[in-house]
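Add chain F to chain D, keeping to what the hints say.
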Amino acid sequence: MKPKRYQNRIELLQGTLDMLILQTLQWGPQHGYGISQSIGGRSGEILRVETGSLYPALHRLEKQGWVTSQWKQTDSNQRAKYYRLTPAGKRQLLSEQARWGQIVNAIAGIMNPEF
Amino acid sequence: MSLWDWLFRRRQREEELDEEVQAHLRMAAQERMEQGETAEQARTSAVREFGNVTLVKEVTRDMWGFRWLETSLQDIRYGARMLRKNPGFTVVAVLTLALGIGANTAIFSVVNATLLQPLPFSEPDRIVWIREKNHGAVAPANFLDWRRQNHVFSDISAYVSWGANLAAQGHSWRATRATCSEDLFRLLGVRPQLGRDFLPSDENAGHTPVAVISHTVWRENFGGDPSAIGGSLAIDGRQFTIIGVMPAGFRFPGDSDLWTTPEREVPEVPVDIGDVTQNRGIRYLAVIGRLAPGVTLERARGEMDTIADRLATQYHEGPRERGVIVEPLKQIMVGNVRPLLLILLGAVGLVLLTACANVANLMLARARVRSMEMGVRSALGATHLRLVRQAFTESVLIALLGGTLGLLLSAAATRLLLRAGAEIIPQVGAVRMDGVVLGFTLAMSMLTGILFGLAPVLQLRRVNVNDSLKYGARQVTGERELLRSSLVISEIALALVLSTGAGLLMRSFIGLSHQARLGFNPEHVLTFSVAPNGERYRSTTQQALFYGQALERLSALPGVREAGVVDCLPPYSQAGGPITIAEHGSQEDEQLRGGAYSVASPGYFQALQIPVLRGRTFSAGDSVEAPKVAVINQTLARIFFAQQDPIGKHVAWFTADEHGKRVWLEIVGVVGDVKNLQPGADPMPQVYVSYEQENWDAGMTFVLRTASNLVNVTTAARAAIQSADGNVPVFAIQSLPQALGQSLSQPRFNLLLFGLFATVAVILATIGVYGVVSYMVSQRTHEIGVRIALGASRADVSRMVGAKGIKLSLAGVGIGLACAGVLTRFMAGLLYGVRPFDRATFAIVSIVLTAVTLLASHIPARRATKVDPMVALRYE
Chain D
1 MKPKRYQNRI ELLQGTLDML ILQTLQWGPQ HGYGISQSIG GRSGEILRVE TGSLYPALHR
61 LEKQGWVTSQ WKQTDSNQRA KYYRLTPAGK RQLLSEQARW GQIVNAIAGI MNPEF
Chain F
1001 MSLWDWLFRR RQREEELDEE VQAHLRMAAQ ERMEQGETAE QARTSAVREF GNVTLVKEVT
1061 RDMWGFRWLE TSLQDIRYGA RMLRKNPGFT VVAVLTLALG IGANTAIFSV VNATLLQPLP
1121 FSEPDRIVWI REKNHGAVAP ANFLDWRRQN HVFSDISAYV SWGANLAAQG HSWRATRATC
1181 SEDLFRLLGV RPQLGRDFLP SDENAGHTPV AVISHTVWRE NFGGDPSAIG GSLAIDGRQF
1241 TIIGVMPAGF RFPGDSDLWT TPEREVPEVP VDIGDVTQNR GIRYLAVIGR LAPGVTLERA
1301 RGEMDTIADR LATQYHEGPR ERGVIVEPLK QIMVGNVRPL LLILLGAVGL VLLTACANVA
1361 NLMLARARVR SMEMGVRSAL GATHLRLVRQ AFTESVLIAL LGGTLGLLLS AAATRLLLRA
1421 GAEIIPQVGA VRMDGVVLGF TLAMSMLTGI LFGLAPVLQL RRVNVNDSLK YGARQVTGER
1481 ELLRSSLVIS EIALALVLST GAGLLMRSFI GLSHQARLGF NPEHVLTFSV APNGERYRST
1541 TQQALFYGQA LERLSALPGV REAGVVDCLP PYSQAGGPIT IAEHGSQEDE QLRGGAYSVA
1601 SPGYFQALQI PVLRGRTFSA GDSVEAPKVA VINQTLARIF FAQQDPIGKH VAWFTADEHG
1661 KRVWLEIVGV VGDVKNLQPG ADPMPQVYVS YEQENWDAGM TFVLRTASNL VNVTTAARAA
1721 IQSADGNVPV FAIQSLPQAL GQSLSQPRFN LLLFGLFATV AVILATIGVY GVVSYMVSQR
1781 THEIGVRIAL GASRADVSRM VGAKGIKLSL AGVGIGLACA GVLTRFMAGL LYGVRPFDRA
1841 TFAIVSIVLT AVTLLASHIP ARRATKVDPM VALRYE
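Each protein sequence line maps, in turn, to chains D and F.
Under the numbering used here, the first residue of the first sequence is numbered 1, with each subsequent residue one higher.
Under the numbering used here, the first residue of the second sequence is numbered 1001, with each subsequent residue one higher.
Okay, chain D solo, but in the shape it has when bound (with noise of 0.2 Å):
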């Protein structure tokens, strides 16, 4: 029996979590449940990042220096890990929406042609 590797449920491309992520730091620091909980609202709930997805992607993004992560105290006075983006991941993410609409308009081309 092999073990099911965690996917990002998210499979148009990769590094779209990463993407997401990104841009929900740049409203400033967030831990990981409440990054959860903004990507699902801000999509109107279409969208839904498994934890397992989202974990790893933090742990990775911030080995890539894109964000850095400090333990701080919530509203309700208990301990959790804040995320916030780094200068790097900030370029890193004009990148990535750069790319992202590159790739819209190329899938919107072949999807809707014009005539």
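These aren't lab readings, by the way, just hints derived from the structure by calculation.
From a predicted model like this one, the values you see are computed outputs, not experimental measurements.
A portion of the hints provided could be inaccurate.
Rough simulated footprint, nothing fancy, chain D against chain F, three-plus residues with beta-carbon under 8 Å [unchecked claim]:
| # | stretch |
| --- | --- |
| 1 | 1022-1030 |
| 2 | 1039-1052 |
| 3 | 1060-1073 |
Where a beta carbon is used, it is the ideal one built from N, C-alpha and C, also for glycine.
Quick look at chain F alone, frame taken from chain D:
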């Protein structure tokens, strides 16, 4: 996370991750509670929504990037624990490998130093050895012509080695002197460390002879003082100026202590042979040359052949005398040992392979037992790769342990081999455990780890989880059974052959060192040599005077019972030639038998307790003016005189006198035979002459029978000689048993080598039998349980299992005997006094080996009888 973090803060990070996940769950539960769920529900649904916490944490940890390292560490820890829990298996496996790897490394170090290392000269493959065909050495005039006429060598140099007495700084000692062409060092590409090299002008310099000394001589006798350059050194009574010191370790040729240049173009010997430069008949030079740039060996050979032909024609030498051999120097220096070493390397390679096969067997026996464990792990989520890696890690661990132990074993074995084989293995000093050897060992360990690690891995491929968890599962691997059995049988056969060889050698060796064959009593005898030469000792009378005085003083020493002197200690002899008896008339050449000739004093026979069988030995009356007398040994009397009385007859000395006439000696006595020539060969006829009547230029050896401690006598004896002549150094001081031991060095070395191999082979064979029977037991545990449950007694079970062991044992011994019978014939040259097909040895070895292998199979057999049928039937 960096490596640093991973190494030292891993635990902290893991706790943080745990806390992070807990925080997430807490917040999710909180939100749910705010939406109205109960605490209980909220928690449960939060967790459910989260998913597999453990798996998430694991995947997240993967992101940290050192997963491979982590799992490897896990594997290693687990493997180590497994090995610790099965000490029996671990010890046996590690020991097996250690033997195989250790033997390989030991032989490899020797091979590395002798065959693989280049000679310590510049561009050593361009240096060749040149000699005359059919002769070991070169005549001086030929060398000069070769030097003048060739175009293929950029340098060509001749040398000869001789013993010499050196004196400097107030004391004297014996050394090896090499006389060589002035370009020898340049040819080799080595320069003196201090001072200067020879110049062409140093040859033919009669008035200011110069010498270059070795590093050891400089250190030991001149204190390493740089002012030794320019100082004076007396060589055989003549003063030389030291002009240079060679670097440490340079002793070419052989173990030379100093080098001098010839006085007349070509190195000479301390024997008068007339005009050396014209002499083509007496060959004593060794010649080496360096191929000129661009010249191939073939071209050099061709040109030397041409030159040789030209010379032969010019000087009317017969076809037997023609021809020149040119060979690379390296080949000459190691040529004798190369085939032996290569065979050894092949043999240890085989040994290692069988060792690996053994361990593979052992591991298979164990893997069978652990298949259930594998099944459980697989069910818990381990990938196939993971299981394989785990099995592999264990193999590698065993291999590394075995390799380490093997390295230690080989260090000991190498030292043993070197001590025993010092005279036989060239460049012995260079053999050591260096980086190359260590790397080789490591590579061997890895290789063997992979080799036998494959066995259980392949086994694993057949692991079907369902099967292994079910009861009654059994894996049939019948086709490999035959392979395993034949492997063990061949191991036993190999062990038998080697043990037989070792047994034969041992019998032969014991026979050699047995004193009854010696013909004399070596106990409590001290020996040492002197070589008086120089102006003071030119004539027989002068030499006799010296020896006479020395003997007087030595006999007077307390603690010395008898003192004698002889040209050469038995079993060696220095002079030989055909025996001619005056009374028997002239004989045809073919009927002449060869014999040995010796010079001795009367005390010699008494000191060695050689029995006098007829007549007398020498006395004071046999002085220089008196008629010359001889004492012969029993063999000569028996062969040449049979029933007649040899006393009064005359035998010829092996050289003519200064007028070229034959010297007749009257036989006055017959003494017992002493061992001469090869150990084990029959004694040769021997003729002894008194030192007063014939002299021996090359020095003689004193033998003292002592009553007390040898060491005390040594000091006193040395002093006695010093007082006779302070310039004559004493050397080669040893007890006679020690001196004899040297002649046994080759047989001892052979015995050691064979013995080591045989031991290793026997151990491996034993382990092999144990492994196979063990495996069989583990395979058939279920069947054994059934049998016991159905009423079989312990004895029955034991017999069933033991039958396998007996079959293997008998087959192996049988095949081994057959092979040994054929192969020991090739050992005949190494055996003395023992026939290659010695029944006693064969019988003993077979019995012992059978007993040992039966014992090895007995242990798992006993284990089989202890099988609890309930357990066997229920589990696998």
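Hint by hint, here is what the structure shows:
Counting residues of the stretch 1022-1030 of chain F whose C-beta lies closer than 8 Å to any C-beta of chain D gives 6; at least three are required, and the coverage claim holds. Counting residues of the stretch 1039-1052 of chain F whose C-beta lies closer than 8 Å to any C-beta of chain D gives 4; at least three are required, and the coverage claim holds. Counting residues of the stretch 1060-1073 of chain F whose C-beta lies closer than 8 Å to any C-beta of chain D gives 5; at least three are required, and the coverage claim holds.
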